[in-house]
Amino acid sequence: MTDSPQASGRDAVEDTFPKLLRLHAQARGDRPAFRHKDRGIWKTWNWREVYAQVRALAHGLKTLGVGEGDKVAIVGANRPMLYWTLTATQMLRAVPVPVYADAVADEMAFVIENADVKIAVAQDQEQVDKLLSIADRLKFLSHILYDEERGLRDYAETNLVALSDLAAAGRAALGAEASLERALDVVIDSGRADDASIMLYTSGTTGRSKGVVLSAGRSTQAARDTVAFDHLTDRDEQLGYLPLAWVGDHYMNYAQAFVAGSCIACPENADTVSQDLREIGPTFYFAPPRVFEAQLTRIMIRMEDAGALKRKMFDHFIAVARKWGERILNRQRVPLPARLHYMLGEMLVYGPLKNALGFSRIRVAYTAGEAIGGELFSFYRSIGLNLKQLYGQTEAFLYVTAHPDGAIRADTVGAPAPHVEIRIADDGEVQFKSPGQFVCYYKDPEKTAEALTPDGFVKTGDAGFFDDDGQLRILDRAKDVGKLVDGTIFAPKYIENKLKFFSNIKEAVAFGDRRDFVTVMINIDLTAVGNWAERNGISYASYQEIAGNPRVYDLIAGHVEEVNRSLAAEPRMAGAQIRRFLILPKELDADDGELTRTQKVRRGFIAERYAPLVKGLYDGSEIADISTEVTFEDGRKGVISGRVKIVDIGQSPALRAGSRAA
Amino acid sequence: MSGGEILLDVEHVSLAFGGVRAINDVSFNIARGEIRAIIGPNGAGKTSMLNVINGFYHPQHGRISFHGKTRARMKPYEAASQGIARTFQNVALFKGMTTLDNILTGRSLKMRRNLFWQMLRHGPALAEEIEHRKFCEEIIDFLEIEHIRKAPVGTLPYGLQKRVELGRALAMEPTLLLLDEPMAGMNLEEKQDMSRFIVDVNQHFGTTIALIEHDIGVVMDLSDRIVVLEYGHKIADGTPDEVKSDQKVIDAYLGVAH
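So the sequences go chain by chain: A and B.
In terms of the numbering used here, the first sequence is residues 684 to 1345.
In terms of the numbering used here, the second sequence is residues 4 to 261.
If you are wondering where the hints come from, they were derived from the structure by calculation, not from laboratory data.
Be careful, since some hints might not be right.
Stated by the list, open to error - To give an idea of the chain A side of the interface with chain B (calculated C-beta under 7 angstroms), a few residues:
no.	residue
1	726
2	951
3	952
4	954
5	955
6	1132
Unchecked claim - BS3-like mimics (lysine-lysine), calculated; alpha carbons at most 27 angstroms apart, straight line:
no.	chain 1	residue 1	chain 2	residue 2
7	A	1298	A	1269
8	A	726	B	137
9	A	993	B	113
10	A	1126	A	822
11	A	1328	A	1269
12	A	993	A	1006
13	A	1142	A	1116
14	A	1162	A	745
15	A	726	A	1162
16	B	78	A	1320
17	A	1162	A	1283
18	B	78	A	720
19	A	1162	A	1298
20	A	993	A	1037
21	A	1037	B	78
22	B	98	B	72
23	A	822	A	745
24	B	113	B	78
25	B	113	A	1269
26	B	153	A	726
27	A	1328	A	1298
28	A	1130	A	822
29	A	1166	A	1116
30	B	153	A	1006
Yeah, the Cβ is synthetic: ideal placement off N, Cα and C, and Gly gets one too.
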């Protein structure tokens, strides 16, 4: 054995995940590695058990013909068995390809076909059905494996195998023949740093997704760097609830846990995540801004319904936290009375609140993916949650920049992560070189070449700049930054984000490139607006109805005016104030192709689909008719049609004389 | 599935409330393992029929045999202990109790230890409770209601309450499950879920199901055989296809003058 107890050096021996697993089975075999809540009870597996289970699965996969370089698709939620199958695949030097579980059959077919998948592993009947419906298009697919048996017992397909059966057979075979155990050890040892470790498909904000190939050595190295950066150890615990196919889950949960030897807890199912979070109390946590936002909205709604005394106490101590909390978190000097006042608040408000959210034990929390509102960001930091931002990409194997402890600001995404090199190209594009940097796009040398500069930097496609203290600020997608007819810079996401910081606004889509002025389409947030409606005695029967309510329009118009005021305060943006807006009668949905699977708006697609509304926004009409197709959750299609009101908004005068006031 | 062993036989049953004849000389049977629907316009006597079957009402005339045993008068709890469970048209749950506790009440007839032991919550009583909890967790998993396990049912949306009620009925491990409008007031997606659960219950647990439902599409898809009632009379009985093409049924639903 070549294991070293210290695996944190930059030239560690464990350059693949199976080798790391073996190390933990030996070094900390009794420490918890995975937890899963099943039938209401948390079950725990330690590293030794996981290692044995993964070996059994690996042998089972081998008997199905999986070998070096073969692709194994994994479709489903965060269940231990699926994580283990992923490692078992890597153990055979084959390549796991996780697929988004909520992908419709067609999207799934694209990935599985593109990746030349040989074996597909599905969570349950739902996913098996999807796979069977596309099976005739997939010529390489030989077997479908499944985790949850329910409903699948009576299926006639002969190439359908239960993972539990496969593991049991593997375990029996390994137990009976020592030579098979040795053969497996040889395969693990033969794993090399430049083996493809995983293929992650990009979300496809711009067209078809691409398979990003990440190598074992680079993946483990990148994870080592950030584990050291955030001081993660085998005492840490995280909740694996993000999609398996997303780089965030594979990095933060899988890779970091396999390097640090920490524990991954799998939620009971997608609907129970918030309860499971409370029960597990993770120490390391990641959530996209919208999750933090939704939580804050829920807190505020519940506080509004609370008694007067509680509300007073909450307001008082939140004010204290706003004043002192961040300084205390950043270990700055704070006068003693303020510190004591804050401690009292911790006892009465912040502590219980964090406990209710499942945040009590968090040492490090990250958010990324979208800009986060300053208010929102400071709120969580002020109550003592060490929330930081990072900026990353699948192509970097996540981290490009991250906030180091103590230097945290809402409007930046942090300084370069350890061993990451960043530069800003002449056109403003952010480019980087990172330890985890991808190898190539699968079977697409052309796209690979496009993504790289001649000297090996990865082009992010994002426009940004470094501010004075060396932290990166991201403006928008470089290609989305446009100009109004009069030459004013128009950064749509910048405007959309400002709007989305209002809890009543869920999504916003801004238009303005090569137009005379800026307009936006708005999606209201049904939870927040619904609650507001209830308190104001407004009744409604459907999303469409409340979205068209004139008082809701007044409410949103107030927010738009406020955004205009804040735009007016920035010399570069004052000319790009919002002139007209409308509220969409339907929620933007990934099933209709309006959002990506990671919930980013697809602006071009929306402009096409709602062309009559865009026309209305610019031809001065007060009403536009729209009829559009919607996909229901069961896959059926229907049509929503209706009239949408368009409203004009006043412009705020630019604060500085001489700038282009609209 | 029809044509098998007869589980429940209703013979010439009549039921009157004072002068109102709710059920008039109706006979039909339910075969083991089938899904049997009872349909008919409002006031046709469908719910009364279910109440007769589970012993809540006692018919003035006629006989009912279950498992081959003909009964004279039976109380609802006797029906329950013989393996007949039901859900109600208007959800009848303990609103202040959690989903889990509501489903556990369905196990009460299966508890062997007396109240004294259960209060001690020790030894055999504890082992028994764990066993029942396990069974209820299987149901919770089956009905996909993990996320509301600890939620008071009064706070749940209607569609979920219906599901909890089904869970409580299933906790009794019934031989015959009576469902009174399981899909009333549900949206399309909830109806699809509920249909799937009914079919799964039928196929995986082999539970015989009698259901009343107004959504004719659902009834035609789910049922093996259908009884059609109108003004307390049986006007048709057969497979969905037979019933669909029956002129009397068409008249009843289109409201042709008599």
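Practice task
If any of the earlier hints don't hold here, list their numbers in rising order.
Solution key: Checked against the structure, the hints that fail are numbers 1, 6, 9, 14, 15, 16, 18, 21, 22, 25, 29, 30, while the rest are satisfied.
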